[in-house]
Structures are given as C-alpha cells and as structure tokens.
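Engineer: In order, the protein sequences belong to chains A and B.
Each residue of the first sequence is one higher than the last, beginning at -19 in the numbering used here.
Each residue of the second sequence is one higher than the last, beginning at 6 in the numbering used here.
By construction, these hints were calculated from the structure, which means they are not laboratory data.
Where a beta carbon is used, it is the ideal one built from N, C-alpha and C, also for glycine.
Each hint should be verified, as a subset may be incorrect.
[Stated by the list, open to error] Ranges between beta-carbon positions, derived for each pair:
| # | chain 1 | residue 1 | chain 2 | residue 2 | range |
| --- | --- | --- | --- | --- | --- |
| 1 | A | Asn177 | B | Pro148 | 22 to 28 Å |
| 2 | A | Val107 | B | Leu150 | 46 to 52 Å |
| 3 | A | Asn230 | B | Phe159 | 47 to 53 Å |
| 4 | B | Tyr140 | A | Gly74 | 44 to 50 Å |
| 5 | B | Pro212 | A | Leu19 | 17 to 23 Å |
| 6 | A | Ser38 | B | Ile142 | 34 to 40 Å |
Here is how the chains run, residue by residue.
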Amino acid sequence: MRRVLHLEKIFISQYLKQTMEYKADFIVGVLGVLLNQVLNLIFLQVIFSQVPKLAGWSLQQIVFIYGFALIPKGLDHLFFDNLWIVGQKLVRKGEFDKYLTRPINPLFHVLVETFQVDAFGELLVGVILLVMSSATVHWTLLKVILFIVSIPFATAIYTALKIGTSAAAFWMKKSNTITYLFYMFNDFAKYPVSIFNHLIRWIISFVIPFAFTAFYPASYFLTGKNVLFNLGGLVVISVVFLFISIKIWNKGISSYESAGS
Amino acid sequence: MTNFLRKYRPFVSAGIEEAIVYRANFLLFALGNTLGAFVTYFLWKAVFQSSTNSSLSGFTFPEMVLYIFLSFFTGILTSSDGSSSVGDEVKDGSIAMRILKPISFTANYFYEEIGSKLIDVGVLAVPLFGGILIYQIVGTGTPVLNLGNLLLYFFSATVAYLINFYFNICFSFTAFFFRNLWGSNVLKNALVIFMSGSLVPLAFFPPVLQNVLKVLPFSSLLYTPVMLYLGKYSMQQTISVLLLQIFWLIFFIFLAKIIWHFAIKHLSIQGG
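Only chain B is shown next, with the shape it has when bound in the complex (with noise of 0.2 Å):
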C-alpha cells in the first residue's frame, strides 16, 4: 500500500503545481461560468413573479434558488476532463509515454486529476459554498440546514465525481477512433449538461421522460446529489438513489477495463 502511494504521490503534486500557476486563469475562468448560473437565477425569479402559484413542480423559489447554484457548485465538485487530454494526446501522439510507463493509464488520470481538483474546489467551496449556506440561513422560507442531509449530499457527490471520471475515462477511448475529440465533447457536454439537471431541475419534465432519466446514469451526476441536499427524498427513494449511483459506478468501471484492451490494439500514434 505505500508503495503504491508512493508510486502516485508524485503526480498529485504535479497536478497542484500546475493548478496553482493556472489559479488566476482558473477564477476569471470560474467567475465567467458563474455568469451562466446567474442568468439561470435572474429567469426563475422572473418565472415565480409572473407566475401565481408560490411553488412549480414542487419547487419553491428559495428552493430553486439552492438548487440552481448548489447545481452549478456541485458540477464544479464533480467535473472530471480526463477525457478532453487523451484526445490532445492522441493527436500530437505523446499518449504513447504514458503507455510505456510501468503504472496504469486510467490511475495516472485519476490521480492528476484528484492534485488539480484539490486546489480548484477548495478556491471555489468558500465563496459558493459558503454562499450557499450563508442564503440558507438568512434568508426567508429558505429549506432548514441539515446535517444528515449535508452528509448524503457529499457522499452521493463523491460517488458522482467517480461515475463522472470513469464516463470520461470511457468516453475518451472514443479518440483512439476519431483521433480529435473536439466535436463528440461538444456533443457529450451539450447532452449531459441536459440529461444530468443541470439546465433545468428534471422534476419539470413531462413524467414519461423523467423516468427514463432518472434511471440513466446522468441523472446520477448532479441531480442525485442536489436532491438529497435539498431533503426532497423519502427513506426509501434516498436508499434506492444511492444504490443506482453505486450500480453505475461499478458499471462504468468495467466498462472502462473492456474498452481499454479493445482500444489499445486500434491506437495509431501520427507523426513521432
């Protein structure tokens, strides 16, 4: 075991090296997709003023307003662009050292990864999450705070960053046929940003459809988390969503172990 740790450590460091140089790029970065989030809050505010009701699809408006920036938080929490270097990498053809080295392709990711993500969320958990949580308790007819809610909510996020990076994992092999991954990401974010959640809560949906995404992996992503916190599941549903989210992962994880060994025998490095 600590050898194994020793063996990786190095690239956590890496990856917090190369996120810090990039820090300030990162929060002009972060603070131009805010804008997208306050768009969203400026529209629903709107909504429940030229509405009558008080709440829509079981959502009141201080409700809506947790679930629009905790949303936007939570896929900063589980974002995961593993994928969007392996094509670079197959392109300009260094993915083959990361093949010769003597560790696994998908850990040596993963562990990049966790390094930038380290820094990236603890820039942005103050002032989002902080955010979040100062609204919660000083605004009105705002859900009450709640531990055991909170708890679901990190726990159901984590598994959700992992379903998040394996997805990527897989989806990324996708390179190794197209060689450019630049159209299917546009594709993939445009669906999953959809499909997850994200742009709209999926209670608003008609019932037929919202089935059919509750039960698709990226429902799991965001909309999962996001829920329980908002304490709008019962016993029973936050057992069963809990259990979905642990089912994709497992999925995902194997899936991403057959397509690697079908994908390494289609890899052609051009140029060298």
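So that you can see chain A by itself, here it is in the shape it has in the complex (with noise of 0.2 Å):
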C-alpha cells in the first residue's frame, strides 16, 4: 500500500508539470469549468422561478442532488482520466506497450498516469453546493459516516464503466466513442428519476447506473428513506460493476495486439 501511494506521488507530481507548461491555458480552462457548472445553476434557478417544487422536490433539494452528483464525478475525473486515453489512441498506435513493460499492474499504471486538475472545478462547485444545501438534510452521526463511505463507491461506478469500455479498445482498437456515450448518461443522474419515463429510470439504475452515483444515496439523506435500495444498492452495484469490469479488462489486455510499424 506504501508503494502505492508512493508511485500515485511520483506520478501526479511529473503530471502538473506537464500541466503547468501551459500555465494560462490551464487556468482559463479551470475558470471554464467552474463557470460551466455556475450556468448550470442558473439554468436551475430559471426552472424553478417556474415552479415553486419540481415532481416534488424543492430548489434546495435539487441543488443537495446536483451537489452530490458532482462529487464521485469530480473524484472520477480527478485520478482516473487517463482511461480515456486508452480507448482514444493508446490501443491503437501501439503505445499501450509501456504498460506491459513495466514493473506494475497495468490497470494500475493507466489509472495513477494522470491528475487532472482541472476536476478541481467540479469538486470546488460540488462542495459549495452541498454546504449550501445541506440545511435541507437532518444530519445524524449515522447520516455522516454513511454519507463518507458512499463517495468512494459511487466514484467506483463512474470508474468501473470507463474501465469496462475502454478495455473493448483491445478488440476495437478505438473506443473512447463508446466511453462517451456510456458516460453521457450520467446527465441523468443529477434529477430526481421520477421525471424520467420507465426505460430510462431502469437504464440509469441497473444498466449504466448513474442514477446511484448520485440520486438514489443524495435522496436517502434527503428523506432517510430506503436505506436497504439507495444504499445498499449502490454498494452492490458498484462491487458488482467493478469486478465485471476488471474481468473484461483483463480479457482485454490478454488479446491486446501492437500495432505493426
């Protein structure tokens, strides 16, 4: 474990270098970020000077879901973004050769190369939200410690579906599309799920499901309502998506051909 976080070290250190060799570029493209999010919020804040409760829920509620949503996806996008890599060209120029050369777990390497800053615009939003709203929700120590261990395993979820689809690169040589439209459906996420009509709610729970990465935990704390589904469901989903990722990764990796030259 020691080793661990010692090469993570190494890794995210070599990595801002990089970053900071565009110094202007990187942090216009922070204030980007955080702008985006702070337009997404307006567009909230028009909703409901529409409607004082949408399907039931109030602005303040929403704002704690949208919150939440945008934690695990920030902490995804944060270590693990060099997945996208992956599907994108590594695979299919050859350069994934580095990874079997070396003297760590493969996945291991992908996952730990990066350290996108910028994700700091997410987190920093997200935070700011759940401060905000998290008059809504009565805390209890039990509310709390579950609040801090639903984090990592909804970050698992974002995590566990790159992984899965950027290992199909290994047959497909190219799949960071197929990443893309998988991971487009964590928009879903961030709303209630009884807007949505019944395949979509089943798609964002059980399939891609994003919808525990943030609404189904966000309204257990809301609500203190079905602990056993929105909790427990979002373990389960995230060990079980996990391990069939690394399955398909691993079966991945063993019919991983480089590119000739």
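Put the two chains together into one complex, using the hints given.
Structural biologist: This is the structure:
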C-alpha cells in the first residue's frame, strides 16, 4: 500500500509539471469548468422561477442532489481520467506497450498516470452546493458516516464504466466514443428519477447505473427512507460493476496486439 | 472562378473521406450528445407538469419540445471546430505547412470543414429533423408547419454557421498567443452555450439581460434561427434579427482579416 501511494505521488507531480507547461491556458480552463457549473445552476434557477417544486422536490433539495452528483464525478475525473486515452489512442497507436513492460499492474499504471487538476472545478462547485443545501438534510452521526462511505462506492461506478468501455479498445482498437456514450448518461443522474420515463429509469438504475452515483444516495440523505435500496444498492452495484469491468479489462489485455510498424 | 473551384475541391473530398472513416465514431458521439437533449426534455416536461400555467414565458409545452430538439439540431448544423485544430497545429508546428501553401488560410479551413459537415448533417438530418417534422405533424397542439418559416430557418441557420465559422477563426488566433487552446475552448463553449440560448431560451431571462443577449452576436448563432422556425417573430422583428445576423457576419469577417494580419507576426513554431 505504501508503494502504491508513493508511486501515485510521483505520477501526480510529473503530471502537474506537464500541465503547468501551458499555465495561462490551464487557469483559463479551470475557470471555464467552474463557469460551466455556475451556468447550469442559473438554468436550475430559471426552472424554479417557473414552479415552486419540481416533481415534489424543492430547489434546495435539487441543489443537494446536483452537488452530490459532482463529487464522485469530480473524483473520478481527477484521478482516473487517463482511461479515456486508452480508447482514444494508446491501443490504436501501440503506445499501450509501455504499460506492459513496467513492473506494476498495467491497469494501476494507467489509472495513476494522470492527475486532471481541472476536476477541482467540479469538486469545488460540488462542495459549495452541498454546504449551501446541507440545511435541508437532518444530519445524524450515522448519516455522516454513511455519506463518507458512499462517496468511494459512487466514484467506483464511474471508474468501472470507464474501465469496461475503454477495454473494448483491445478488440476494436478505438473505443473512446463508446465510453463517451456511456459517460453521457451521467447527465440523467443529477435529477430525480421520477421525472424520466420507465425505460430511462431502468437504464440509469441497472444498466448504466449513474442514478446510484447521485440521486439514490442523495435521496436517502434528504428523506432518510429506503436505506437498503438507496445505499445498499449503491454498494452492491458498484462492487458488481467494478468486478465485471476488471474481468473485461483482463480479458482484453490478453488479446491486445501492438500496432505494427 | 473555375480555377478557384479546382484549387479547393481536393479539400472538400478530403474532408468527406475523413468524415466517412469516422462515421461510426461520429454517430456514437452524436448519440451521446442527444442524451443531453433528452435530459432537458424530461426536465421541462416535469416543469410543465408541476406548473398550473399552460404556457411559460410565451412557450407552450409542444413549442418547448420543438425548441429543445431544434436548438440541438441547429447546434450541430452551425457548429464549427476550425479553432480546435488551429490550437493543435500551433502546438505541434504543423501550421507552418498551411501557411506555406499558396492558398488562403481561412478558405483552407472552410472548404475542409464544408466537406465533413455535408456528411455529418446529412447523416443526422434524417433522424433528427425528420423526428422534429413528424412530431410537428402528428403531435397535438404543436405549431403548424409553415413553409415560409422553414425557409427563413434554413437561411438564418446558414448565416449562423458562417458567423460561427468566422467567430471561431478569430478565436483560434488566440492560439498564436496562448499556444494551447484547451482552456480557452472550455471557457468559450460554456459562454456560447449559455448566451446563444441553447441551454435555456433567452425569453426566460430577466428583460434587461434578455435585451443585452439579443444584441450580442451569440443569439445570432442559434436563438434567431430557432425562433424564426417557431414563427415567434413579427415581420418587422424578422427583418431586424436577420439584418443583425448579417451585420455580425460582416463584422467577424473583417475582424478575422485584421487579427490574421497581426497574429501571423506573433507565431512561433515550437520544435520542428
């Protein structure tokens, strides 16, 4: 474990050096990510200027769900964004070779190689929103503990979907658009599932289970109801998806063939 | 004129070829983006269901549905990503090859983009615009399909594309100063999505903000064609928004020329 943390530290500092090469551009980018979230909030504000409650949820409650959604999304973005590059070019250009020749687990190596600092934009906004809306939640010690526990599991759902879909590149050479298609379903997670039709509700709960990264756990903290489904479901789904995606990844690596030259 | 066309035709076919190769990718990508439009659709559906009014800021629910999907389609129709390649080409130095060629820098990008755009729009127009038309004909309470508005829409959307192209060219020249365009692209896209009315119709904003946004060039990129399609403007308003669009087009064409004149002196190629 100490070795893992040590390696992670080295990779992070290396990556920061790369990013800082274009400093002005980077700072502008972080501002852009922040602004994007702020504008989305203005959108919510516009919606709630028309109606007092949306499908039975108040603005504050929606803000809490929205803020919750940004935390696992931001954490996955911060630590594990390199998975996109696997499906985009690492496999296609044969650059994946380098991971296989190093004395660490290839998946681990891919995961820790980048540290996407612009994710701080999402995380910052997420934390601000949670703080702003935390008065709507009746916090108890149990809820605080469950909140902390639920975050890594929710993050794992994002990462699992990215591992599984980027592994498709081992067979198809390029799979980043598949990852993108899956990833875009996270947009649905930020709102109460009751506003969607049955098909979409079913998909975002059990097929591409982003609802478990935000709405379900957040609704437990807001209402205190259905802890077994809302949080138990989160744990089960995230463990199952992570297990399956690592299986796919390992199967993919064994059929990886480098690009000829 | 024929000489002119002969010179640029290879770029169109190169763009088409590239687009076909990546069509599968493009379709998946487009499908991913469509999801965003569906999220917006369900949100507004819930808003209209929760509200006691049948029309919000002048929009009935069927009009809102048309607005959501039509603004999504218009966004694809008028999108222009010349600026992203300028950034990459400045970064790896390959921009030098473009500048060396005896053809206009801007026209080079334009014809390349037209080629791939023909394919993109062609592939998406059938399911998306077809869906919009079917909804309009079959759906209840939808605005009546109007040939005049349809023509106005296509004219206005074409102008919108040209504005967007020149706007992005102007913007891309910042790569000559910043070297890398990722950050400024993120910032620009966030602002354009908001100010062009693609996130929420401008009619929902407070009157003061609305008036400012309607004059700025961004409303010309998306809001104007979509509102024309929906027949929301009187004859007089129609003329004035179209004139405003043309004004912004001319403005950005000239701005691109001026910036190019200065930016070219600033260009430094890294490595080689």
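Engineer: Now look at each hint and say whether the structure bears it out.
Structural biologist: Hint check results:
1. A:Asn177 / B:Pro148: 22 to 28 Å: holds, 24 Å
2. A:Val107 / B:Leu150: 46 to 52 Å: Hint holds: Cβ distance 48 Å, inside 46 to 52 Å.
3. A:Asn230 / B:Phe159: 47 to 53 Å: holds, 52 Å
4. B:Tyr140 / A:Gly74: 44 to 50 Å: holds, 47 Å
5. B:Pro212 / A:Leu19: 17 to 23 Å: holds, 19 Å
6. A:Ser38 / B:Ile142: 34 to 40 Å: holds, 39 Å
Of the numbered hints listed earlier, not one is contradicted by the structure.
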